[in-house]
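J.: Residue strings, one per chain:
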Amino acid sequence: MKRLVMIVLAAGLAVTACGGGQTATSGQQRVPVTVFAAASLNNVFTRLEPQFEAANPGADLRFNFGGSSDLAQQIVHGAPADVFASANEAQMKVVQNEGKVTGTPEPFVTNVLTIVVPVGNPKNIHSFADLAKPGVTEVVCAAQVPCGAATKKIEKDTNITLSPASEEQDVLAVLSKVQAGVADAGLVYVTDARSAGGKVQEINFPEATKAVNVYPIAAIKDAPHTELAQAFVTFIHSPTAQQQFASAGFGAA
Amino acid sequence: MTQTKDPHTVHTGLPRVLWLPALMAFALIVLPVIGLVVRAPWSRFGALVTSPSALAALELSLRTAAVSTLLCVLLGGPLAAVLARGTLPGLRLLRSVVLLPLVLPPVVGGLALLYLLGVSGFAGYVLDVAFGVRVPFTTTAVILAQTFVAMPFLVVSLEGALRTGEQRYESIAATLGARPWTVFRRITVPLVLPGLGSGTVLSFARCLGEFGATIAFAGSLQGVTRTLPLEVYLQREVDADGAIALSLLLVVVAIVVIVVGRPRSAEGLR
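Keeping their order, the protein sequence lines are chains P and Y.
Residues in the first sequence are numbered consecutively from 1, following the numbering used here.
Residues in the second sequence are numbered consecutively from 1, following the numbering used here.
It is worth saying that the hints were derived from the structure and are not from the lab.
You may find that some hints are simply not true.
Covered stretches of chain Y, as calculated for chain P (at least 3 residues, CB under 8 Å) [stated by the list, open to error]:
{"hint": "1", "region": "115-123"}
{"hint": "2", "region": "217-223"}
{"hint": "3", "region": "232-246"}
We put the CB at the ideal spot given by N, CA and C, even for glycine.
Chain P extracted, bound-state conformation (with noise of 0.2 Å):
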């Protein structure tokens, strides 16, 4: 037993010291900016990193990419996040009211919805209304999430009311499930549909002007480095990155 208790011990020193060795190593001395980011943000961002780490070289950006509600919790519970990119204001609100977040957040980007078809557009759709044909299996976001409630708001102001095979989680589990070809069609955003690259067609439709949605971002309150939280709020909405915005599909906010 004693030896068991040894062994115990010795892993559990031998993990700290391995942990601590790393960040000895991997840090010299460059800060860690800690950024929650809604996951649609995540080609931009993850191809903006080094530009603003040249331009802060003690900064060492760090991503947390997932869903606005999911981000927006974990910061409400104390996840030690630096900034918020939410994809949605209502997300956004949700940190606010907790007052965590210093200043005004400011939008920067936003993104309209456009249909995806498989490749081929089997089903010959050209407009929001070929949606709702019969023998069209499409597919959307449930309405508890940004991407669904757009969808619903466009239903609304068309009065054309679809009935989909699925209201999923996502706008990932909706391109997956176009991509696959179990669905005709599917509604997601512009900058999504880019993303898939080739493996799925994009069909703009001109009611998408009437549900915009607005990407928010804010340095957090307490974060453990406000200094560089803030300069990283500023180089998004500086021309470099905007132009990437701009190349990923987002529209200026």
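Starting from the structure of chain P, add chain Y where the hints point.
T.: What follows is chain Y alone, placed relative to chain P:
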């Protein structure tokens, strides 16, 4: 270990060092549930768990889990018998393959089902062209996903019972001229009933909690494919209180299942 009342059995005693880790293990299981109970919105609890969407999800969950469990018994039972008593070469490999759904993340299982039975999958293509049947986004898809993930629970517990069980009676019956089917029906099945019971309870519980494979394969639509776990996950987006209330509902159902099925399953495991 020795729990028999036989006075001749020497009580070996439990090493005291086991108590602390045992207590910690128990706390790890129980404390999070207590956390849920403490945080639950009790004043609105009734309203939250009887909302139309919650009731639809509960009903769908119970209905699909019942059918899936039945499928597990009807298909997994014979599979367990083959694995335990069969004399095929390569049976060991087969046994490991059966465990696959246990070790795979359920969402991977769901994707696998999707790429098999989706319109672009080969089985899905055949079904669609030959019969005009599309499985994804139907309640059938939910049942398939649940059966996929729950099957190993039944097979493993039943196979264990079959292997450790007494085989003497079966040989005696056989020497007395009973045919294999009669031996199986009259001797084998009654002997492993406790193991079958525990396996059934475990599979039902697993079906009830199924999430990843369902959301990946069946989608999420109220009354059709949105089971209780999917409803919890979705509610969380808008109303944390609602999600907690629904989670507790799921906990209650799970406890009922375990308590109702426990005496048998405990026997079966012994």
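J.: Now tell me if each hint is right for this structure.
T.: Here is how each hint holds up against the structure:
1. 115-123: Since three or more residues must qualify, the claim that chain P covers the region 115-123 of chain Y holds, with 4 doing so at under 8 Å.
2. 217-223: Coverage by chain P holds for the region 217-223 of chain Y (5 residues, Cβ < 8 Å).
3. 232-246: holds (count 7)
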